[in-house]
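Visitor: Please model the complete structure; the sequences and the hints are all you need to start from.
Chains as they are written, first to last, in my numbering: chain A, 1 to 112; chain B, 1 to 112.
Just so you know, the hints here were simulated from the structure itself, not pulled from any lab data. The beta-carbon is built from N, C-alpha and C at its ideal position, and this holds for glycine as well. Be a bit skeptical, because a hint or two may be false.
To be verified - Restraint-style ranges between C-beta atoms, simulated for each label pair: (1) 8(B) with 53(A): 19 to 29 Å; (2) 7(B) with 44(A): 36 to 46 Å; (3) 28(B) with 14(A): 37 to 47 Å; (4) 53(B) with 26(A): 40 to 50 Å; (5) 50(B) with 24(A): 43 to 53 Å; (6) 16(B) with 15(A): 42 to 52 Å.
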Amino acid sequence: ELKVEQNPLFLSMQEGKNYTIYCNYSTTSDRLYWYRQDPGKSLESLFVLLSNGAVKQEGRLMASLDTKARLSTLHITAAVHDLSATYFCAVDGNTGGFKTIFGAGTRLFVKA
Amino acid sequence: GAGVSQSPRYKVAKRGQDVALRCDPISGHVSLFWYQQALGQGPEFLTYFQNEAQLDKSGLPSDRFFAERPEGSVSTLKIQRTQQEDSAVYLCASSGQDYGYTFGSGTRLTVV
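Guide: Put into structure tokens, the structure is as follows:
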């Protein structure tokens, strides 16, 4: 059964600092997603990573995928308060079904 | 429409009442998913449609949950005899030819 683990689950950081959120998954998969969710809102797609070594960047966020290690990272550069949100990684199961399995989320708070 | 539309936005149901939640996906999107998100948790897969065919319903928690998409467009998630543990946000997502999902704003169901 595919399991997706994120860490940390809660992150409080100062503006201007860098940090990395980690996402590990338990079985092979060919697709990994990162989403952002603001309180009371729906999920906003940030990145879709499709292959080993894939790296995508948007503003202060950069996501990478290592399929051999079954690990994705979301790196935050010079954090700003507007990045405060919950970040989820999600992985497509590779068992013939259609599930996308989500991690528990990383609640990020950037202090001004 | 431009996005995935869900209604109602909020629903309060008395325990034992039946509810119906509606999802209007992005026009032309073949794939439609329902997820359940408990407070402070990541979304959990409920069911998947490809056009009108329900290809995966393995995430539906009990036979009180039923989903349909009769014309391959609008979908309805029905919960019969609601219980307090059904209280959650129900998210609908649709997907076209690319690999990303677009989520709706969700229906927050509270069973009292």
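Visitor: Taking the hints in turn, state whether each one holds.
Guide: Hint check:
Roughly 44 Å separates the CB atoms of residue 8(B) and residue 53(A), a value that falls outside the hinted 19 to 29 Å. Taking the beta carbon of each, residue 7(B) and residue 44(A) are about 20 Å apart, not inside 36 to 46 Å as hinted. Hint check: residue 28(B) to residue 14(A), Cβ distance near 45 Å, so the stated range 37 to 47 Å holds. Under the hint 40 to 50 Å, the C-beta atoms of residue 53(B) and residue 26(A), about 29 Å apart, miss the expected range.
For residue 50(B) paired with residue 24(A), a C-beta distance near 30 Å fails the hint of 43 to 53 Å. With their beta carbons about 50 Å apart, residue 16(B) and residue 15(A) fall inside the hinted range of 42 to 52 Å.
The structure fails to meet hints 1, 2, 4, 5 from the earlier list, while all remaining hints are met.
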